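Enquirer: One letter stands for each residue in the lines below.
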Amino acid sequence: MKDFVPTIGLEIHIELKTISKMFCGCPADHFGKTPNTQTCPVCLGLPGELPVPNKKAVEWTILLGLALNSEINKAPKFDRKHYFYPDLPMGYQISQYDEPFCLGGYINTSIGRVNLTRVHLEIDTGKLQHSVIDGEKVSLVDFNRSGVALMEVVTEPEIHSGDQAKEFAQKLQQIVRYLGISDCDMEKGSMRLEANISWGLNLGYKVEVKNLNSFKFVEKAINHELVRQKKLLDKTDTPKQETRGWDEKANSTVSQRYKETASDYRYFPDPDIPPMQFDENFIGEIRKMLPELPEVTKARFLKEFGISEYYADILVQDKKRAEYFQSAHLLATKYGVSAKVIAERMVNGKVDEEFDEPELLVKKLVEILKKDFAGYSVVEEAVQEAVEKNKKAVKDYQEGKGEVVGFLMGEVQKILKGKGDSKVVRDLLLKNLQK
Amino acid sequence: MREELTELTLKETLEGLEKGSLSSLQLVEAYISRINKFDKKLKSFITVREEAKIEAKKADEARKSGVKKKLLGIPFAVKDNFLTKGIRTTSASYVLDNYIAHYNATSVQRLLDEGAIIIGKTNLDAWGHGSSGEHTDYGIPNNPYSYGFVTGGSSSGSAAAVAARFCLFGTGSDTGGSNRQPGSYCNVVGLKPTYGRVSRYGVIAMASSTDSIGHLTRTIWDSAYVLSITAGRDEYDATSSFTKPDQYHELLEVKEKLTIGLPKEFFEGLNKKLAKIVMTAVKILGKQGHKIIEVSIPTIKYAYPIYAVLQTSEVSSNLAKFDGIRYGNGREKFQDEAKRRIMIGTHSLSSGYADKYYIQAAKGRTLLINDFERAFAKADVLVGPVYPFAPFKHGEREKDPLQMYLSDVLTVPANLTGHPGISVPIEFMDKMPTGFQIIGKHFQEKTIFQVAQIIERELMMYKIKPQLKA
Amino acid sequence: MKKLKDKTISFREVKHTADLARLPLKKHEIKKFESQLSNIFDYVGQIDEMKTEKTLKTSQVSEAKNIFREDKIDATRIFSQEEALGNAKRKMNGFFVVKAILE
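Protein chains in written order, with our numbering: chain V, 83 to 517; chain S, 11 to 480; chain Z, 996 to 1098.
If you are wondering where the hints come from, they were derived from the structure by calculation, not from laboratory data.
What follows is a list of derived Cβ distance ranges for each label pair:
1) Arg467(S) <-> Gly366(V): 55 to 61 angstroms
2) Ser75(S) <-> Gly366(V): 54 to 60 angstroms
3) Gly1040(Z) <-> Glu374(V): 54 to 60 angstroms
The list that follows gives simulated cross-link-like pairs (lysine-lysine, DSS-like), each with its CA atoms no further than 30 angstroms apart:
4) Lys1026(Z) <-> Lys163(V)
5) Lys163(V) <-> Lys343(S)
6) Lys432(V) <-> Lys99(V)
7) Lys366(S) <-> Lys1022(Z)
8) Lys1067(Z) <-> Lys370(V)
9) Lys366(S) <-> Lys1010(Z)
10) Lys219(V) <-> Lys1086(Z)
11) Lys409(S) <-> Lys1026(Z)
12) Lys479(S) <-> Lys47(S)
13) Lys53(S) <-> Lys479(S)
14) Lys1046(Z) <-> Lys451(S)
15) Lys293(S) <-> Lys265(S)
16) Lys21(S) <-> Lys441(S)
17) Lys409(S) <-> Lys343(S)
18) Lys311(S) <-> Lys1046(Z)
19) Lys388(S) <-> Lys1060(Z)
20) Lys1094(Z) <-> Lys270(V)
21) Lys1052(Z) <-> Lys373(S)
22) Lys219(V) <-> Lys343(S)
23) Lys311(S) <-> Lys1027(Z)
24) Lys1021(Z) <-> Lys1010(Z)
Note that this is a predicted model, so its numbers are computed, not measured. Glycine residues also receive a C-beta, built at the ideal position from the N, C-alpha and C atoms.
Taking the hints into account, I'd like the entire structure generated from these sequences.
Expert: This is the structure in structure tokens:
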């Protein structure tokens, strides 16, 4: 009697936002560029080319490993992984086989810790597009992306649900963005995800699912796939070992091709790249580059500022926002403005978009407080009330009669008993009218 | 007058140009005239550049206006697996055929920066695969000293062209003996520098961990001078060395007594005639007061099989980029020799076989390196023959690929360990050119030049001209 | 079904190797290479005799370590689109063209 447990492992590829490619000096930023305008002998795979590794890409990979609690390999190397495909100019991909930069590591999710197998560095391939020329099916190849530094994060098969996978991916994205090493954007392709899914490690199969280009699809595809496989297993059939893709229209996974049981990549150490040997000093210098990570920042915000967990999660979503909040609070303490107020305004009013500099925001808040002006939320409520009571005026505004705004501002001030700061009233009124 | 011009060595030519007793244009015209007359039968070139004449004229003008460059107006040949910008590069294979390179190999660029002029691209065993010169799609070159016999390879064309007095030097790549062997068979100096001494960037990779970039010249001084220009760190080649190159041509006089090591494994079962000729050269060194000792390199027994596995593994990988999509023609155009090596390499690396072949060979390489280190603890240089036999007739050894491979036995060890090696001409055997191999410690090219010069001074084989056929 | 005298490399293995290496071979070529490669591997097999249990592999003789380049653009090597496509047999609208890979 077999125990069926949803068993999911993820492989995540992350494009590093280095200035230049992994082994040559071509620009790494390829999104939207005219085809084949960012290539050189190295990334185009011309005869006589030789690779020279990008130091920053190596440092950033180690940085991610440190952020994920991995063990940093002191003697890593690059290997050649051989296979033929039109988007792979050398007929092999420079990657890492048995001595990657980072071993192990983990990310904690709300459902449990997910351990990592490794984090390694490799190069990206060119891009293939399908087309038809004179009735012949062809592929069009663009090598601008060929040679871009690509990190691969591999998890142990310890994920047990679609939403745990989604959470893991989101947390990884957040950490990567905090480190500033990649835009990690699933839509733009700087973050790519594949899932290996089965109902157990000893059932003799696993299905690889690709084409997951949003977190929503990651969750859906995994859940769908688990159901599909379970149906087969319940009939005592073993699901085929294969590669499937998520089909948005069909709302299901679709078979792409049989997954061969491990292609023969004929890995061997790349003889063009001298071996690497790192000491504690080198790794220590990289460790210094670690910023405070989101989990730690969140914990600190909760403890020091007593804001709600909901607000804290939103504020640490983006490192810039967290830093803004931090600066705003530091400035505000001088004037007795509380962190909770700032948090509330940032979350609900997105005031950090309005005020570029935290200093400007704080000045505004202080002004409001000093003059005993009504708080933002109070003004917002008054605006809403005035708008509901004066439907004809609102209609006039919508028909282009701009002068009606003055009248409406007056109505708002009536409700506020004159305690509204004019600029704030005007801004919030316009925001409401333009909704 | 023309004949005399082309008889000059690089050193003599530089002196002539400096003095003004000859011009670059005269030189290039004389060489091209010889090529047009004799190369149809010799087949040392795949591409010849008439444009060289215009460049020669410009060089003469530059010299008149006071420009000082180390090789200003000097015509040289480039082995056709070195990329040359705007010039057809074939690697002697129909897989490339009309490929026009978009950049210069670093080693070529350095020579061009010093004012040298490319007179043409020379023939080779396609992709470097061979030690006879027979594996080319562009006509098998003839040995200038004996038509119908091989030149040796893979830098067959460069060696033949230098021997035939078609240019002042020819570049070559040595992966398993490819400069030393044709040097030996064509009565010219074949140099294999230390691995990493000269940049590999822009040379079509054969076996990345053994490819060494060198050249063929008439004399030792010429070879040393060219090396002083091509050697040195290149940021585009991560394996190129930071060790500062010497002004080798200024350090050719031996200052102390050296210990000359004779690896006994080089002489075991060696053809008696050949052994006698080699020992005559050794005696010359002894007469100069250098100590002659016997050393042993036991792992040499396995050097060839180790090389066969490692070289072909890297070849199979390096040739994977030739898929006909971005350049070149389809893979079906590879000759049998290339196909064979690609398959040996692929098999040696494949799942289930990699441990037995690739990994075992890589470990064996360490043993060989250790043996060499032990030998070099006792000796300053190691010497011996280059080929175990004299030049053979076209087609004679082709029937059995394995027999052909075994001719590399004496040269591959230095490629596996990275040590520098040179072939300097010694007495002919059965009317055919023969070379004497000198292997030195890493980055001690100056020592192998010094020892080679002793032989050259005594025997002066470079004065023996081949009789060419029109 | 194994034959009495097995070649070191079988016909099937030669075919598999040729496939891995994308070398289109005809049947008679595979047969020819079967004996040539078998001879070569028979000869090469002697490397088994070397005692290497405690030996490390050498994959490099450059003695260099930690060779990197700074993360910056090298404008001198970047090709224009025309140069990049210059030697391609098939191209269109700035792309390399290749027969479609059937999935």
